[in-house]
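Assemble the whole structure, with the sequences as input and the hints as a guide.
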Amino acid sequence: MLTVYGSELLTKPPKADGKVHVTYWEKWTGAEFDAIKGVVDYYNKSQDKIQVDLLSVSGIENKTLMAVSGGIPPDIAGLYGPNVTQYADDHAVIQLDDLCREGGIKAEDYIAPYWEAGMVRGHIYALPSTPATTALHYNRALFKKVGLDPDQPPKTIDELNSMADKLTKREPNGHVIRTGFMPGEPGWWNWAWGPFFGGKLWDGEGKITFNSPENVKAYEWVQSFSKKWGASALQSFQAGFSGTFSSPQNPFMTGQNAMEIQGVWMYNFVHMYNPKLDWAAASFPAAKPGLEDPTVIDLDVLCIPVGAKHTKEAFEFLKFVESQKGLEMLCLAQKKITPLKAVSPGFIEHHPNPFIKLFIKLAYSKNAVSTPKLGIWAQYGDEINNAFSEITIMSKTPKQALDDVTNRMQPMLDKYLERLKIRGEQ
Amino acid sequence: MKSISRKEAMAGYSFASPWLVGFLLFMAYPLAASIYFSLCDYSVLKAPVWVGLDNYAMLLHDELFWTALKNTMIYAVFALPAGMATAIILAMLLNSKVKGMAAYRTFFFIPSLVPQVSLAILWRWVLDGEHGVLNPLLNKLHIPGPNWLGDPHWVMPSLVIMAMWGVGNAMLIYLAGLQDVPVQLIEAADLDGATSWQKTKNVTLPMISPVILFNLVMGIIGSLQVFTVPYIMFPNGAPAHSTYFYTEYLFDNAFRYHKMGYASAMGWLMFVMILILTMFSLKMSEKHVHYQGS
Chain A
132 MLTVYGSELL
142 TKPPKADGKV
152 HVTYWEKWTG
162 AEFDAIKGVV
172 DYYNKSQDKI
182 QVDLLSVSGI
192 ENKTLMAVSG
202 GIPPDIAGLY
212 GPNVTQYADD
222 HAVIQLDDLC
232 REGGIKAEDY
242 IAPYWEAGMV
252 RGHIYALPST
262 PATTALHYNR
272 ALFKKVGLDP
282 DQPPKTIDEL
292 NSMADKLTKR
302 EPNGHVIRTG
312 FMPGEPGWWN
322 WAWGPFFGGK
332 LWDGEGKITF
342 NSPENVKAYE
352 WVQSFSKKWG
362 ASALQSFQAG
372 FSGTFSSPQN
382 PFMTGQNAME
392 IQGVWMYNFV
402 HMYNPKLDWA
412 AASFPAAKPG
422 LEDPTVIDLD
432 VLCIPVGAKH
442 TKEAFEFLKF
452 VESQKGLEML
462 CLAQKKITPL
472 KAVSPGFIEH
482 HPNPFIKLFI
492 KLAYSKNAVS
502 TPKLGIWAQY
512 GDEINNAFSE
522 ITIMSKTPKQ
532 ALDDVTNRMQ
542 PMLDKYLERL
552 KIRGEQ
Chain B
-17 MKSISRKEAM
-7 AGYSFASPWL
3 VGFLLFMAYP
13 LAASIYFSLC
23 DYSVLKAPVW
33 VGLDNYAMLL
43 HDELFWTALK
53 NTMIYAVFAL
63 PAGMATAIIL
73 AMLLNSKVKG
83 MAAYRTFFFI
93 PSLVPQVSLA
103 ILWRWVLDGE
113 HGVLNPLLNK
123 LHIPGPNWLG
133 DPHWVMPSLV
143 IMAMWGVGNA
153 MLIYLAGLQD
163 VPVQLIEAAD
173 LDGATSWQKT
183 KNVTLPMISP
193 VILFNLVMGI
203 IGSLQVFTVP
213 YIMFPNGAPA
223 HSTYFYTEYL
233 FDNAFRYHKM
243 GYASAMGWLM
253 FVMILILTMF
263 SLKMSEKHVH
273 YQGS
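Listed in order, the protein sequences are those of chains A and B. Residue numbering for the first sequence follows my numbering, beginning at 132 and increasing consecutively. Residue numbering for the second sequence follows my numbering, beginning at -17 and increasing consecutively.
To be clear about the criterion: a stretch of chain B counts as covered by chain A if any three or more of its residues have a C-beta under 8 Å from a C-beta of chain A, and this derived list gives those stretches:
hint: 1; region: 24 to 31
hint: 2; region: 101 to 113
hint: 3; region: 126 to 133
hint: 4; region: 218 to 225
hint: 5; region: 230 to 244
Residues of chain B clear of chain A, computed beta-carbon distances all greater than 12 Å:
hint: 6; residue: P164
hint: 7; residue: I258
hint: 8; residue: S263
Just so you know, these hints were derived from the structure itself, not from any lab. By construction, the Cβ of each residue, glycine as well, lies at the ideal position given by its N, Cα and C atoms.
This is the structure in structure tokens:
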């Protein structure tokens, strides 16, 4: 902390332009960083009182934490949606209720789950920057190759299973050379399979419900792929995909994985690495009637850390980003959807992603799922990922793995809620 | 006289003050603070709340703590002797009088200069069960290559193999020790008709035993603190926590779960474990380590 503080003092550039300099740390790199830089540059040119100094920061959660505790946080931090509750619990980010009220930023302007993502126990701590939903992405060329109709993606999990069977290709020795579908690819939402099957991760009050029958059923489905194709064969096949997402070796681009759950951003990567790929996106299949259009609500958020020196000016910039113009400029440049209900004429028409209407529709789905609003989510999510690993390598039955996570997390939830109660924040 | 010695002392402290200040601020204070934090519920961002020995008591009942500790111990038990044996053998080979020895020494030392993150990525390409370099070579020898990175039974051997890649530093220390072995002792053994193995066992190894002890202690400390390579190669200790090490759990508690008090307790437990193992090694070495001056 002292080192950070010392270096901050030594490296602080002189501010001779008469503007208030707002420091803004953002996690993005590459094209996504260029998109936010475009917004920042536009804002800086649009007025002469505030200069936003944008910095791309890797490992932003840890660095923001350290900077806050060292007393030298940025004025704005671009965190991940699931971080918000933990950072609010730890008093690392400020409540934005009053600022939003004064600035005219209202919940009713946003698509509900994106506003909700920034709310913790009735207060707003974060505003959405770029939102996303997920859908089934499938390789149309492979559909045609195995005799499936590329205009008829699976609508139910049973259909998904049977299409996956047709699309999976193995050598006589059992070696997998192409998968139709793998629940562990890309493996970013291993927690979501339960909610996709109608389960919940906690009851919203004091009970971890990870081992509920719906969740067990979901992970039995996950394990069915290992049983069908061989846990070892699938592990070996998938091990080669690690670190290949943003590359031409991405298994969806290479045709090694015919169908996978992905977010609205996938278009960017297909466009970048294999623009000739014949692909499409559709709603993820329903596990049972009533669970149509399941999707993961995923988003990046903007927060003002506790101890920020220029809160008022930082919020002035946030007001611009959260305006219809600012959000559409950012989201269009990142080729995502906007978190606002109102959409300017031309946003959809000029959007390069041919499935943008689907992703917008999914944001309104009654079966959209988000990470639980728990300050212990980081640990809970890690436990779920480990259980997922145990299930796919078949070292445990789904029931055993889910029971273990539930038994481990329940005391942690109890303690977490007890602490909130002691602090009067429950 | 008194005034001169005081002046000298002041000058000495002044010259040493950059280190002293740095040590007090960046080592002594954090160390002392972490003892206090280990007895508190502390998230870094809020004031620590005293909980006594609660963190230590919770660790004893934390299943994941024991898994991480077990993984770390298994790794140390295999990686440490394997690394030491490799380093000694390489050092002995590189101590022989062969043309171009400087080039050979450089060649074997260079891998230890590779940054750990690069090393982790490099080994992924080598050990990948599907597309890696190693398995096709094994297949040519009619050995079926395992799923090095995905099979829980093979990930630990993979990490031990990778650890041997970085023995360059230890090898260099052994090499320096070997060059200090008195030539007359080797010549005396030659005159007595000793074989190469007898010379190694009865002369060379005893003469470099202080160096072996030093590398053993450093190896214990290093192997119990293994972090970077498994953290990069096996996120979340996958598969199924089979590569989840003590320091990874400590890091996660401190920086991901914001449980700095708990992490501090883990840090101090690790310190005690390393201290006990080091003391044990020193005690055991009394009969086996020979110092030239003694």
